[in-house]
Amino acid sequence: MPRIFLILLVGALFVHASAVHAQTLESIRAAHHMECGTVASADDWNGEDVHGNLSALGAEVCRAVAVAIFGDADNLKIQVFPAEPEALNALKTGTIQLAIGISPSASTATHFGIAFGPPVFYDSQRFLVSKRSGITELAGLRDKLICALDMSPPERTLRDEMTARGIPYALQAHSEQGEMDAAVAVRRCAAGTAMESRLAQSRANFHAVTSDFVFLPERFGLDPVVPAYRYGDQKFGLLIEWTVSALIEAEALGITKDNVAAAAIREDMRAEQLLGHDFATAQAMGLAHNWAAKVIAATGNYGEIFQRTTGGPYHLDRGLNALWTQGGLMCPLPMR
Amino acid sequence: MITANNQLFERDLGLDSPMKLPRGPTILWTRGGLMYALPMR
Chain A
146 MPRIFLILLV GALFVHASAV HAQTLESIRA AHHMECGTVA SADDWNGEDV HGNLSALGAE
206 VCRAVAVAIF GDADNLKIQV FPAEPEALNA LKTGTIQLAI GISPSASTAT HFGIAFGPPV
266 FYDSQRFLVS KRSGITELAG LRDKLICALD MSPPERTLRD EMTARGIPYA LQAHSEQGEM
326 DAAVAVRRCA AGTAMESRLA QSRANFHAVT SDFVFLPERF GLDPVVPAYR YGDQKFGLLI
386 EWTVSALIEA EALGITKDNV AAAAIREDMR AEQLLGHDFA TAQAMGLAHN WAAKVIAATG
446 NYGEIFQRTT GGPYHLDRGL NALWTQGGLM CPLPMR
Chain B
3 MITANNQLFE RDLGLDSPMK LPRGPTILWT RGGLMYALPM R
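Chains as they are written, first to last, in our numbering: chain A, 146 to 481; chain B, 3 to 43.
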């Protein structure tokens, strides 16, 4: 009899352990606590991180998801990881339930047992040049010296794209980010190339000469930065997807942190759906009918978050992160 | 893949089809649309 009891107990523990992984949202609710990771992308090139430090943007998305679940962010703890692999390991082992700032790939998904949410930032490889150089387009870099990080994906892409476009150039390969930043700032090279977020972060640290540097219009490739969570909990996945979407929809509808309370009386369909007169989205995810209104009151809409965390500090325009109606790629899902 | 997707769209929805839909947002991001490929790594 004790042996049977033991087998039942062990069996129950196994069921419980797998259920915790499958039901992330329920476990967050039960603990009344969420651990969310962001990625600081340390300056030194480590072969993994190609993006700049988007952890402030990531923290706002963490906050938005926590408010969607709890109605406020009091029960949220944010951990900042130096690079993506550390955040992904913490996700895999269950230390955190959500990570923001991940570069999605099929191999990452299967290796860590995770799924991805919608992009919170579209990064792309760009070129930073001095205004004084007079270079205004990629073709202006013909036979010029270009700085890149040695053996980085942007260095490889540079070679491929310039070959395809028939633009010869000279390469100055740096083994350290700081070294490359210095070479660009003193105009030792005609242009620096890396991901836009990383170049913008570097440029913000040029201090006196920050405003002397601009991006060329061309972009090589597109690298979305997304949320990641352990695979298996559909509701948690939907919650992340629609929380990000609510931030974008709020911007599309002109609903801001400051006017969201007053917007509750709006009678246009999309505002009613977003702010809780239509329960369908809230019901599907088991949320309060006014969950999105609370999120927007806490964080502001996507445009406000972008400006506060990324656009302002890095002097970065919206670019690909503008709404799709304004030339960008940010596109809200229907709230019905 | 770019060519393939373009061909599929034109045949089934676009100017070669009865629907005669312009590409609009369903064109590549590099040409002002919303279609982009995820990294293949």
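Please note: incorrect hints may appear among the correct ones.
Covered by chain B, per the in silico footprint, the following chain A stretches (three or more residues, Cβ under 8 Å) [stated by the list, open to error]:
#: 1; segment: 238-245
#: 2; segment: 367-379
#: 3; segment: 470-480
For the record, the hints were derived by calculation from the structure and aren't laboratory data. Please read these numbers as outputs of a predicted model, since none were measured by experiment. Glycine residues also receive a C-beta, built at the ideal position from the N, C-alpha and C atoms.
Okay, the hints, checked on the actual structure:
1. 238-245: violated (count 0)
2. 367-379: holds (count 3)
3. 470-480: Three-residue rule met by the segment 470-480 of chain A, so holds; n is 3.
Hint 1 from the earlier list is the only one contradicted by this structure; the remaining hints agree with it.
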